[in-house]
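Undergrad: First to last, the sequence lines map onto chains U and H. When we follow our numbering, the leftmost residue of the first sequence carries the number 1, and every step to the right adds one. When we follow our numbering, the leftmost residue of the second sequence carries the number 1, and every step to the right adds one.
There's no promise every hint is true.
What the hints assert, rightly or not - Simulated DEER-style distance windows between Cβ atoms:
hint, chain 1, residue 1, chain 2, residue 2, range
1, U, P124, H, R470, 17 to 23 Å
2, H, H108, U, S240, 49 to 55 Å
3, U, G272, H, H108, 37 to 43 Å
Derived by calculation from the structure, the hints in this document are not laboratory data. Glycine included, C-beta positions come from ideal geometry on N, C-alpha and C.
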Amino acid sequence: MRSEELIQPRPEGPYCPAGDFYIDPLRPVARAVVTHAHADHARSGSGHYDVAAAGLGLMRERLGQDAAITARGYGEAFRMGPVTVSLHPAGHVLGSAQVRMELDGRVVVVSGDYKRDPDPTCAPFEPVPCDLFVTECTFGLPVYRWPPMERVIDDLLAWWDDCARRGMPAVLFCYALGKAQRILAELAARTGRTVHLHGAMLRLVEQYRQAGVTMVPTVPVSESARGRDFAGELVLAPPSAAGSTWMKRFGKASTGFASGWMQIRGNRHRRGYDRGFVVSDHADWPGLLASVAQSGARQVRVTHGDSDALVRYLREQGVDAAPLHLPRERDAESGG
Amino acid sequence: MQRFAGLYAALDGTTSTLAKREAIAGYLRDAPAADAAWAVHVLAGGKLRRLATATELRRALAEASSLPDWLVETSHQQVGDLAETIALVLPPGDGSLDDRPLHAWMEHDLPALAKLDPERRVATLQAWWSALPPGQVFLLNKLITGALRVGVSQRLVVQALSAWCGQPTDLIAHRLSGEWRPTPAALAALAAPAQTDEHLADRPYPFFLASPLEADPASLGDRHDWLAEWKWDGIRAQLIRRDGRCRLWSRGEERLDGRFPEIEQAAAALGGDAVLDGELLAWDADVDRPQPFLALQKRIGKRLPGPKLLANTPVRFMAYDLLEHAGADLRGQPLDARRARLAALLAGADAPLMLSPALDAPDWPALAALRQHSREARTEGLMLKRRAAPYRVGRKRGDWWKWKIDPHTLDAVLLYAQPGHGRRAGLFTDYSFGVWDGDELVTVAKAYSGLDDAEIARLDRWIRAHTTERFGPVRAVEPLQVFELAFEAVQPSGRHKSGVAVRFPRIVRWRTDKKPTDADRLDDLRRLATG
Numbered sequence: 001m002r003s004e005e006l007i008q009p010r011p012e013g014p015y016c017p018a019g020d021f022y023i024d025p026l027r028p029v030a031r032a033v034v035t036h037a038h039a040d041h042a043r044s045g046s047g048h049y050d051v052a053a054a055g056l057g058l059m060r061e062r063l064g065q066d067a068a069i070t071a072r073g074y075g076e077a078f079r080m081g082p083v084t085v086s087l088h089p090a091g092h093v094l095g096s097a098q099v100r101m102e103l104d105g106r107v108v109v110v111s112g113d114y115k116r117d118p119d120p121t122c123a124p125f126e127p128v129p130c131d132l133f134v135t136e137c138t139f140g141l142p143v144y145r146w147p148p149m150e151r152v153i154d155d156l157l158a159w160w161d162d163c164a165r166r167g168m169p170a171v172l173f174c175y176a177l178g179k180a181q182r183i184l185a186e187l188a189a190r191t192g193r194t195v196h197l198h199g200a201m202l203r204l205v206e207q208y209r210q211a212g213v214t215m216v217p218t219v220p221v222s223e224s225a226r227g228r229d230f231a232g233e234l235v236l237a238p239p240s241a242a243g244s245t246w247m248k249r250f251g252k253a254s255t256g257f258a259s260g261w262m263q264i265r266g267n268r269h270r271r272g273y274d275r276g277f278v279v280s281d282h283a284d285w286p287g288l289l290a291s292v293a294q295s296g297a298r299q300v301r302v303t304h305g306d307s308d309a310l311v312r313y314l315r316e317q318g319v320d321a322a323p324l325h326l327p328r329e330r331d332a333e334s335g336g
Numbered sequence: 001m002q003r004f005a006g007l008y009a010a011l012d013g014t015t016s017t018l019a020k021r022e023a024i025a026g027y028l029r030d031a032p033a034a035d036a037a038w039a040v041h042v043l044a045g046g047k048l049r050r051l052a053t054a055t056e057l058r059r060a061l062a063e064a065s066s067l068p069d070w071l072v073e074t075s076h077q078q079v080g081d082l083a084e085t086i087a088l089v090l091p092p093g094d095g096s097l098d099d100r101p102l103h104a105w106m107e108h109d110l111p112a113l114a115k116l117d118p119e120r121r122v123a124t125l126q127a128w129w130s131a132l133p134p135g136q137v138f139l140l141n142k143l144i145t146g147a148l149r150v151g152v153s154q155r156l157v158v159q160a161l162s163a164w165c166g167q168p169t170d171l172i173a174h175r176l177s178g179e180w181r182p183t184p185a186a187l188a189a190l191a192a193p194a195q196t197d198e199h200l201a202d203r204p205y206p207f208f209l210a211s212p213l214e215a216d217p218a219s220l221g222d223r224h225d226w227l228a229e230w231k232w233d234g235i236r237a238q239l240i241r242r243d244g245r246c247r248l249w250s251r252g253e254e255r256l257d258g259r260f261p262e263i264e265q266a267a268a269a270l271g272g273d274a275v276l277d278g279e280l281l282a283w284d285a286d287v288d289r290p291q292p293f294l295a296l297q298k299r300i301g302k303r304l305p306g307p308k309l310l311a312n313t314p315v316r317f318m319a320y321d322l323l324e325h326a327g328a329d330l331r332g333q334p335l336d337a338r339r340a341r342l343a344a345l346l347a348g349a350d351a352p353l354m355l356s357p358a359l360d361a362p363d364w365p366a367l368a369a370l371r372q373h374s375r376e377a378r379t380e381g382l383m384l385k386r387r388a389a390p391y392r393v394g395r396k397r398g399d400w401w402k403w404k405i406d407p408h409t410l411d412a413v414l415l416y417a418q419p420g421h422g423r424r425a426g427l428f429t430d431y432s433f434g435v436w437d438g439d440e441l442v443t444v445a446k447a448y449s450g451l452d453d454a455e456i457a458r459l460d461r462w463i464r465a466h467t468t469e470r471f472g473p474v475r476a477v478e479p480l481q482v483f484e485l486a487f488e489a490v491q492p493s494g495r496h497k498s499g500v501a502v503r504f505p506r507i508v509r510w511r512t513d514k515k516p517t518d519a520d521r522l523d524d525l526r527r528l529a530t531g
């Protein structure tokens with residue numbers, strides 16, 4: 001029994017030959033297990049999907065109301081041919097999952113995207129013992145060590161107050177799924193102030209509310225009267241809105257960006273935002289190492305991002321590590 | 001240092017000059033005078049000594065983090081800044097040195113660090129890092145390497161000081177110039193009301209700046225209404241002699257006193273007080289033309305030049321205007337009148353004071369022909385100044401034009417790329433270009449600028465996908481992309497395989513329409529070097 005029977009790269013995406021299914025396929029396939037609802041992982045058109053029940057609402061947003069989806073509880077075992085499959089919390093976004101596959105006593109876990117920092121919007125990452133661990137590696141260098149979220153929220157609130165003092169809107173760019181809701185939920189622990197939302201975030205925030213996540217009150221920017229003064233208000237918008245005509249309504253606004261890439265000063269300056277906030281839904285370097293160690297895996301395969309450093313470092317620590325080249329070449333800037 | 005780290009973060013986190021000024025003024029109000037004095041020193045670009053080498057810092061980091069050297073190096077490449085890499089890689093310290101005031105670091109701890117042997121210095125650095133939060137680790141490292149750049153101009157610091165203490169900016173600029181020692185007493189003196197207006201005697205007049213001439217010079221009208229001079233490639237400066245005392249100010253409002261003693265001596269020997277506008281040039285007396293700008297840089301860097309440097313690289317003040325004479329402000333007079341008085345004043349002056357000659361060409365075509373010889377004269381082209389015009393303030397179009405020579409251009413192939421630093425960290429932005437030597441491509445230029453952000457991002461992706469070899473941070477790429485480079489001159493060089501290097505290379509455009517075989521040949525460049 002070799003691991004290649006449980007996982008191997010294919011043009012369509014990671015494939016499990018023994019169970020004849022794909023994980024997060026790029027193109028339509030007969031049977032897919034999808035780890036989470038980000039657009040580059042959840043693609044419509046496949047015959048049947050297995051997803052974590054906690055993310056079903058978000059998955060329907062992405063895959064369509066008519067898609068054939070089976071929702072699985074975390075830890076619930078189900079069969080794909082001879083393979084026993086189960087989904088386990090990845091702590092990345094609401095409903096995100098690691099995929100555990102077992103055949104003849106051999107266990108492979110595909111992490112999907114994950115993080116180890118606490119997040120009030122989703123179940124925490126669960127270490128799953130395995131023989132082969134396929135880990136993501138978006139931030140695979142020791143310079144990526146996330147600050148405590150509490151301090152980031154301190155900075156965010158201070159910025160918001162400062163903008164209010166200057167009579168400017170504070171426009172924070174962040175990804176519409178996951179990051180936005182995490183920030184809104186973290187803010188809820190500290191303030192009851194209302195936050196304004198870009199249209200692209202409305203349905204996703206609603207999905208989180210339906211899933212029982214507590215967030216600060218929100219109001220769509222589009223419901224504000226034309227010519228409304230947003231001075232002193234906090235506005236959340238996806239990065240694609242930066243520099244668009246949509247921004248004109250805010251006049252002279254202070255802009256911020258919430259991303260793991262903001263850890264590096266050069267990135268902060270290059271992006272041209274006034275402020276950078278280090279918030280990531282991916283594992284930092286200590287998180288990657290801890291997860292590899294806790295998996296107990298003797299073999300580690302590394303996907304995403306610049307895997308060279310992590311692979312070499314693990315090898316020097318005596319781990320059988322290698323890159324797993326997937327067709328998905330994600331833009332390094334998109335996943336932070 | 002906590003408060004200073006907060007100020008640094010505030011300055012680093014905004015692009016608004018207003019917000020920066022408020023942040024500095026706010027800090028000055030809150031901070032104890034002993035710390036505030038040091039903050040002013042650092043913000044105003046005061047000199048910091050380098051107290052530890054980059055090698056020592058790298059070693060201290062590798063030990064403290066227990067990471068292998070290659071991973072420290074890879075991290076450094078990704079971040080582009082060693083001080084920042086250290087702050088990011090190490091776990092946050094316990095904060096036990098959080099409250100140590102800035103002046104204690106600057107006056108006690110850091111000077112003591114410099115006196116330790118390398119072994120103990122590395123251990124001390126590690127102890128400090130483990131006792132400070134990341135923001136302060138970064139700042140401390142910057143102070144230790146003497147490379148703290150805060151991104152505020154001296155003018156902005158002066159404005160913030162003015163907002164803080166209510167004294168006028170020119171008074172504060174004056175008090176801050178020269179050797180300002182960061183002590184509470186000096187800070188109090190900065191903020192004290194003015195006793196007299198004596199400080200104004202030291203100040204230069206605002207410079208009149210020329211605009212680039214884009215139109216046909218014939219559109220300026222009669223050639224005889226215009227004075228034509230060489231456009232000198234040196235440092236624009238005002239030489240001020242008042243009450244027999246000399247001051248030298250660069251256009252960047254930097255005091256250059258002491259750096260060019262031959263100029264000051266010549267000014268002291270003049271027949272009377274005067275304020276001259278002109279250009280500092282390193283001079284080649286044998287052929288009576290400037291030395292390359294590179295030579296002048298040796299002099300700028302030296303606060304007190306030694307006799308050997310003075311002999312090898314003599315400096316001249318090429319005067320082209322007289323703004324004040326015997327106490328009278330001449331700026332309202334026409335240029336012709338000012339020039340006449342300047343010529344008379346300099347008639348018997350010592351050699352270091354020269355009069356920028358009026359170029360003798362009867363009409364525009366003749367002047368255009370003369371302009372073709374600018375490079376031989378080691379100048380950047382011509383200046384055209386309206387003879388009837390007063391000396392204006394700032395960049396006012398219409399009376400002073402710079403008619404620069406066009407740069408050379410060449411088509412070259414991208415051969416190597418390296419990640420940039422600071423704002424461009426993590427992106428491949430430093431490029432090496434080559435031209436054909438027979439059927440081989442040899443490097444002749446490195447260029448950093450000329451592409452916009454979108455092109456840089458596109459080229460960065462291309463480089464990552466077309467890397468053929470890696471040498472540390474440097475990547476060799478497939479020789480496929482052609483770029484048009486502009487440059488000023490060709491010089492012999494030992495740094496490039498080709499034996500030549502081009503001066504001031506910059507990218508004009510990405511020639512996606514050209515194939516590598518269309519790139520220029522080394523022989524053509526060699527001809528320019530000899531020509």
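Undergrad: Each hint: holds or not?
TA: Comparing the hints with the structure gives:
1. U:P124 <-> H:R470: 17 to 23 Å: violated, 39 Å
2. H:H108 <-> U:S240: 49 to 55 Å: Once the Cβ atoms are compared, 51 Å apart, the range 49 to 55 Å for S240 of chain U and H108 of chain H holds.
3. U:G272 <-> H:H108: 37 to 43 Å: About 40 Å separates the Cβ atoms of G272 of chain U and H108 of chain H, which means 37 to 43 Å holds.
Comparing the model with each numbered hint stated earlier shows that hint 1 is the single one that does not hold.
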